[in-house]
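J.: With these hints in hand, go ahead and build the complete structure from the sequences.
Protein chains: 2
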Amino acid sequence: MEGEPTLRLRVFDLNCWAIRYLSKRRQERVRLIGDTLCREGFDLVLLQEVWSERDYSDLRVKLAGCYPFSHYFRSGVIGSGLCVFSRFPILDTLLYQYSLNGYPYMLQHGDWFCGKSVGVSMGVTAPLLSLSLQLHAEYCREKDAYLPHRLVQAWELAQFIRHTSKAADVVLLGGDLNMHPEDVGIRLLRGWTGLRDAFAEARHFEGCKNGCTLVPDNCFTDKSELLPFPLGIRIDYVLYKAISSFTVKCEELKTTTGPAPGTDIPFSDHEAVMATLHIQRQGQPVGATLGTADLALADVVTEARTEVSVGLRAAQRQRYSSGRMAVLALLLLLLQAAAALGILAGLGTEQPFPKLSFCLLAFLALGVLVLATGLHLFHTMEVKILRGTEDQMWMALRALQERP
Amino acid sequence: MEGEPTLRLRVFDLNCWAIRYLSKRRQERVRLIGDTLCREGFDLVLLQEVWSERDYSDLRVKLAGCYPFSHYFRSGVIGSGLCVFSRFPILDTLLYQYSLNGYPYMLQHGDWFCGKSVGVSMGVTAPLLSLSLQLHAEYCREKDAYLPHRLVQAWELAQFIRHTSKAADVVLLGGDLNMHPEDVGIRLLRGWTGLRDAFAEARHFEGCKNGCTLVPDNCFTDKSELLPFPLGIRIDYVLYKAISSFTVKCEELKTTTGPAPGTDIPFSDHEAVMATLHIQRQGQPVGATLGTADLALADVVTEARTEVSVGLRAAQRQRYSSGRMAVLALLLLLLQAAAALGILAGLGTEQPFPKLSFCLLAFLALGVLVLATGLHLFHTMEVKILRGTEDQMWMALRALQERP
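Protein chains in written order, with UniProt numbering: chain A, 1 to 404; chain B, 1 to 404.
Hints may contain errors.
Copies of the same chain look alike in the list, so a pair counts if it works inside one copy or between any two.
Below are the DSBU-like pairs computed for lysine-lysine, each with C-alpha atoms no more than 35 angstroms apart in a straight line [what the hints assert, rightly or not]:
id, residue 1, residue 2
1, Lys249, Lys166
2, Lys254, Lys166
3, Lys209, Lys249
4, Lys62, Lys355
5, Lys254, Lys24
6, Lys24, Lys223
7, Lys166, Lys355
8, Lys249, Lys62
9, Lys254, Lys355
10, Lys254, Lys209
Rather than coming from a laboratory, the hints here were simulated on the basis of the structure.
T.: Right under this line is the structure:
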């Protein structure tokens, strides 16, 4: 049905890097982002790392005219940092928090405190299910301790999309996935959901080379981190798929390059991704496109499952060592209690230790006991979730193999 | 289309109360449950509070013949306690953890450690989306401090069902909701999702009076808790709805009463709920049945939102007082550090405090600081989630009011 009208949807996605007190020239940049969004008049804006609710409120006030509908997703101690602005009504929202998101004691990485999640908003434009999200950051590519966590997140995200997307005609995902295009997590997400990469599908592209969104030319990026990648890396994506009797095509994809027009600074340390999609109703429902690549998909799931297993073994080791530490601290405490009781009962003829050292040691043992118990509980939870994901992936593999 | 074949689905739901070391005669009861399930041959079995993976494994081995498909949902420190056994293949599973689930420091209530969640399994029978779940327990009906948490859970559950159920033809929910039939959480869940209560809809009922599932006659229940309810209470439910071109009718509902056949003990402290459903394909899709009761639904959402606001204010107070406590502890520590430095620098002519008391006080302040900071972070998270839920409910109310 070529005669059906086409809906042209312009989407803006940006990791705003708006961390209070930490991000450079934050307020200026947020103001700049707001001005540009007002001027450009997109249909849908997906923002990440808007950590301060104050920044969101400011943006909402400024954008009320051109984007009358918006939502801020609250979660974690600091927040999810996710928000959505839309020219079309937002009918419903849902927040899904990943089960695993780093370690609370890795204070310098802070992911745990952010409650990283995926924010889903249902709009009336199609209906369109749009997801804004961010996955766990990669701090060291060579020795990536968070890979299993990021894979669990990619898997949960894929499962979540599979289960929620039936309610929509079009699924649109924009966000900072913290993964390179060829990484196993991206392949898993794309393969398991059937989502297509706007960069690969776009008829026309304009922007940073290879669609990179974290580039050395940006004055806010950490140059030393990008040394192995002189062109930069692509970690921010717009992904999409049509569910029922619709087709989606990416007409154009752009990234920002360099400073925002009329200023000396870029919007953020990430480049923004802007996609123009054409959505059209088809005569008959489009069949599932998944089946054709089942074998390749099975390989990806197997690869991801191997990485999750590696993470599981590491988590088991940490659970064991923190448990052992807790037991040792408890034993020391009991020993000290016994000694103290003995002295009180007059069994010992004299006090063998100076009181102060005795007391300090007891407090130290108590502190270690509390900390090690906390760690043990945390890693127990981690083991459960990693094992649960391993199980689910195994079930997925079986389902893939049993397909005719 | 009266000629379409009817699928008869027999469902078994039970809160098994199988807590290692704590539940009375646990192993005997789990064995009994397994024997009965084998003998009765249900189509779908939804179990809660199977806390030990060992019990699940034993059940799986025993039931392998009659229920070849099963899944155990892992989450939290202890686990979710949820599992599913099915005569039909389980195609896919998903675990959704509620954002709020009690307080980690309420050790005697333990809900926080269980990672209460809803386990979703997709089967091929229809396709059927079956959910097994448990909400936060009610420990004191008169002064129910957990009501806001349970309402957030009911709301998240309802939102989750609305977003995932489009992929299915029939949604079936079985579990211990820890709410009486007329409680606001149940009305919210039923109203917002359109789920129907098998007890209210059943053509034929057999079992405890009023369908109660926690009855004083059960030898494992706490009689003092049930004093205000001489007949018992109904907190375990089977709820269902048809999504697309299907109809579901509840032909029969049963609860267990008293000891299991041939023994002197019941299966659990809860009674089991057994439903026989008739699922039939219709000629044309059934329209949404939701619209008719929009006004009543708006009232329920408003009531729930009020309760969530009450919880929000309490959480804000707790966040404030724990924050204040942390600041005071920090001040005390700084003061002590200053005093210690002063003495070291030789400013004080003599040591004003005994060393031991000084040291003890410092450790006490440090302990209070760590605890109060932890509490502050936790309540900050709680405030965010309660406020997020309030927002979502407000959005729902607006959508309800704007409907023609």
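J.: Provide an ascending list of the numbers of those earlier hints which the structure does not satisfy.
T.: 4, 7 and 9
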